[in-house]
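Listed in order, the protein sequences are those of chains R and D.
Position 343, counted from 1, in the first sequence is what the numbering used here calls 343; the numbers after and before it change by one each time, with no gaps.
Quick note, the numbering used here runs 1000 ahead of the 1-based positions in the second sequence.
Be careful, since some hints might not be right.
Said to hold, decoys possible - Simulated pairs of lysine to aspartate or glutamate, DMTMM-like, Cα-Cα distance not exceeding 20 Å: (1) Lys1557/D / Glu482/R; (2) Lys1244/D / Glu264/R; (3) Lys586/R / Glu574/R; (4) Lys1586/D / Glu1483/D; (5) Lys586/R / Glu490/R; (6) Lys557/R / Glu1313/D; (7) Lys1557/D / Glu483/R; (8) Lys1345/D / Glu146/R; (9) Lys244/R / Glu1313/D; (10) Lys1244/D / Glu617/R; (11) Lys1345/D / Asp1357/D.
Derived from the structure by calculation, the hints contain no laboratory data.
Number of protein chains: 2
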Amino acid sequence: MAAGPSANAATRSDRTAPLESPIQPLLRDIYAKFLDSRDGAVATYIPELSGVDPEQFGIALVTADGHLYEVGQTRAPFTIQSISKPLVYGLVLQDHGRDAVLERIGVEPSGEAFNEIRFDDDRNRPFNAMVNTGAIAASSLIRGAEAAERVTRMLDLFRALSGEAVTIDESVYRSELATGHRNRAIAYLELNNGMIVGDVDTHLDLYYRQCSILTSAASLAFIAATLANGGVHPRTGERALATKHVRDVLSVMTTCGMYDFAGEWELRIGLPAKSGVGGGIMAVLPGQLGIGVFSPRLDAHGNSHRGIRVCEELSDRLHLHLLADRGRARSAIRRSYRGSDIRSKRRRSQAARLLLDRLGTEIAVVELQGNLFFANTEQALRSVLELAEVRCLVLALGQVTAIDAVAAGLLRDLVDRLVTAGRMVRLAAVPASARKALAIGPAFYEADVTSALEACEDALLQAESEAAVGAASHLEDFEIVEELSPAELEILRGRLSRRAFRAGETIITEGSEADSLYFLLEGTVDVCVARVGEPGVTRLAAIDAGNVFGEVALLGKPPRTADVTAITAATVLELTAAAFAALSHKHPGIGAKLVIGVARSLSVRLRRANAAIQALEG
Amino acid sequence: MAAGPSANAATRSDRTAPLESPIQPLLRDIYAKFLDSRDGAVATYIPELSGVDPEQFGIALVTADGHLYEVGQTRAPFTIQSISKPLVYGLVLQDHGRDAVLERIGVEPSGEAFNEIRFDDDRNRPFNAMVNTGAIAASSLIRGAEAAERVTRMLDLFRALSGEAVTIDESVYRSELATGHRNRAIAYLELNNGMIVGDVDTHLDLYYRQCSILTSAASLAFIAATLANGGVHPRTGERALATKHVRDVLSVMTTCGMYDFAGEWELRIGLPAKSGVGGGIMAVLPGQLGIGVFSPRLDAHGNSHRGIRVCEELSDRLHLHLLADRGRARSAIRRSYRGSDIRSKRRRSQAARLLLDRLGTEIAVVELQGNLFFANTEQALRSVLELAEVRCLVLALGQVTAIDAVAAGLLRDLVDRLVTAGRMVRLAAVPASARKALAIGPAFYEADVTSALEACEDALLQAESEAAVGAASHLEDFEIVEELSPAELEILRGRLSRRAFRAGETIITEGSEADSLYFLLEGTVDVCVARVGEPGVTRLAAIDAGNVFGEVALLGKPPRTADVTAITAATVLELTAAAFAALSHKHPGIGAKLVIGVARSLSVRLRRANAAIQALEG
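Given the sequences, and given the hints that come with them, work out the whole structure.
Dropping the structure here:
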């Protein structure tokens, strides 16, 4: 670790060196640790496998969003062999549905080696699709009008899973075809038992092709990442398998993926995985990452000897075990605050403001975040249900990245219960995908939190006093003139000109010179800015009758920083900068009191803004 | 779903009805669905089990933070039987360590029934601790000077796991002791094989006691929640098992917990689980929740028939399958912004402010949140490494709830790399537990984000220009007097009194009448408030020389809202409200210009505060 003083490095000038991720050296370290390992022996049951360079070694890790970390010979090709089994199993689940496939192939570990010829006699089916008996049965189930179509569909699956073109090692394929007597025996036994139907040669041809697909450590890591990402390739965005079938594939990998080493693998590494006699191992951490390792020497179980050790080291050093303690799932609540902490961006009349000073605590805003599922939504619900005294509840979903059907159902039910119990509810900033999942009536949605707050404030004000909302104001009601005597007020009135604007009409244009202050007597205006690179305009505030706007006109003549537009018909009293200058010259006391009024209002708004910042920082 | 208009329910007055959680009716629904199920048969191998009421039925779910949902006979007692096996396995892992236990008991599924007498002959050990052979071997390994101590230790484990007093069903215990001939045979075979050592009767007595412990659906759900919570009971806070042993226990439950139904359980339900012939099933979703179900009728595998169906329904309806798609792990970044969006709470001199208008983008604040582990920290790191042009980086950890050793290592490495590359780094608001895990030198820590921002701003200003920071100011340098002519400035100067404060001296007291504005010529002052219910004071802002404070004194005499204290020796020019009134009376123009200056400064600060609100809302 760098010593203390280096913490202040901002004064150094060398900022050109690219920064390497700390993950990369960590992988290199694991690679170096096992580089000299020579344990195990290369598979020899066909000559093509026995001829591979046993020293080859590569480690690849791909995150669920598609970032690749790699070290060693991660692009060196080798045949995928048994790692094809769970993937083809996924394809036939997709072709036939889970129930039909379960009729044909079990999901129980056999506790035996991968090439054992033994069946689940009670159900007349192979034990599972990860051993040869079940894998051959699975290949026999790939749909297609003829052999060529079935091969094409199989190859297309591997293309979609890996995100790259797929080729077959023809010499391995031909060698397997010529020498795979044991698998031929299995297929004929299954045909005899009625476990498979159709032409044994066609099924075996397909099976040997799938086993002879060329892959690499990097490619396996991408396939694993596609499974980790719910079946969608993280870079191409293509869906290779349906989410529910991915779950089934990972389940069978968990209990049966590593042959008679499955239990110890689960204990030590704890990731759904599959190995192949070509020397590859593929492991999946759902939602997080995929791993591909290549090292051809095998142990007694037929798993890559070095590959197992690398996976255990990775699992240990990165805490990848699926059952490792990652702490409690946290509530989906990002933050929550009351309507008294943060107001809507509507600047209301003084009467309404005073009412809301009292009523603001009746509004609660609860912001949710992340991927919503049962455990984090249940916790959020509990917190919301504890807000029993609140009359208005805003659920803000702007930071929600995904929402499953369970979480959507719980939220829908919550809204229903709150409404039945007499609460007002608004859902703010809900992404379109979440809206679809929620299936809640459109009346509940608001574009953003401030609109939802505004709706809640409106409802509370209306319930309290119809008169407080939207009423026309008189000059004497404005806070900034409250220090003026009646006589001074009349003098001011003489300097003002009454103007009316239609709904939609622009009163102030951004960039123009600030040359008038406006007393808004009737109607509502919007304060908007156009932002560079963003379409449309952003509404900064809405202003109700009883407020002034454009007050910087009295403080010099800086350019206007926003447009102000009437959103209803609006009536104003305009005080031009020239009229103010003349007034101040003739009646300095009136000018000073007006500026003091402006400054006071700014001071109050600044204090409220600072309180909002504190509430948002928490 | 409620109809649209009901969204506006805030006007209704009935808010007394307590709100029920949507989880409760969901459990009731599942309970009702299976209430009439009569499939399966009660265990009969001892008379005490065959005598239980087969209709009993209870479902309990406990969240990882200890909230219990329950329906049916969740408090009805029954014997725990085989559900004790993984728990005692955890105890012996704790007693001997994993390697020693693996020498004695394997972790591979046997693919056979629970009472099968078959061993892993290659390793001369039982296949796993979830079948009787391995469970008896596990019980034989419980440490203790004598039989009584071993029983006490075993019972204490169950007390800690469940959080309640443990009792044994004496009649079941005596019946098992009298009729458990098969288990006696197993124990003697193991003794003969050298798989266990010591007195067979003592081991069997212990084993029968552990199987005869009385539990309930609720109690099982609490035990499961303790395992889900990394071994700490969520209500009592007591650690029952070490986290690493919990991982091993859950691993073995995954591959071996449901006997020869383990594969299909993993496929359909996908939770580490254990069943017992007493009719109980316990299932764990790590980090999230525990489930306990009680229904005495068993299926052919010896698992509760109704219990399996309830668990499948729960897993389906709540999406609990451990391998179900819960979306990608999200980056641990809560939000990030630049020092130009949000400034520290130090109000700097005009020269410094102008410099920071340009330099603020050189500071990046990255806020992290939640439980930090590999996948979400790796993503956060990638985002940070992309901020290559930034000179100062603040990592804010105030919302980090836990940090594992991997995430801590990655962050430590990141800081090291950033510093080596010439960046200034600050860690803000780091919880004490995270500080320990991070093991980064104290020079990197700041109490909060604003202090870290301040340190970064200081460093940038110092690098740019020594003169800009902390220099004394002259009256003519203050923004609020910039409209005054030299002659007017001299008139103003005549109304000011110079005052000096020692470090620590209070200049303004909260609640007092605002009767002076201060021009801060030299030194720095803090603006602080005491908050109800919070110890000490909260610093709202620090103010450097070149700024005024107490300006509301010119806008009326509202009470002061905060204390202002000199934190260095400070020199001010004081303008009392009385002096200002006299000045305004004699020279109205000067008074007006001063108020305009104050209003302008408030207007600029309000605009900056609104920009900060926008940055924080994102």
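Fill in: Violating hint indices (sorted, rising)
As far as the earlier hints go, 6, 8, 10 are violated by this structure, in ascending order.
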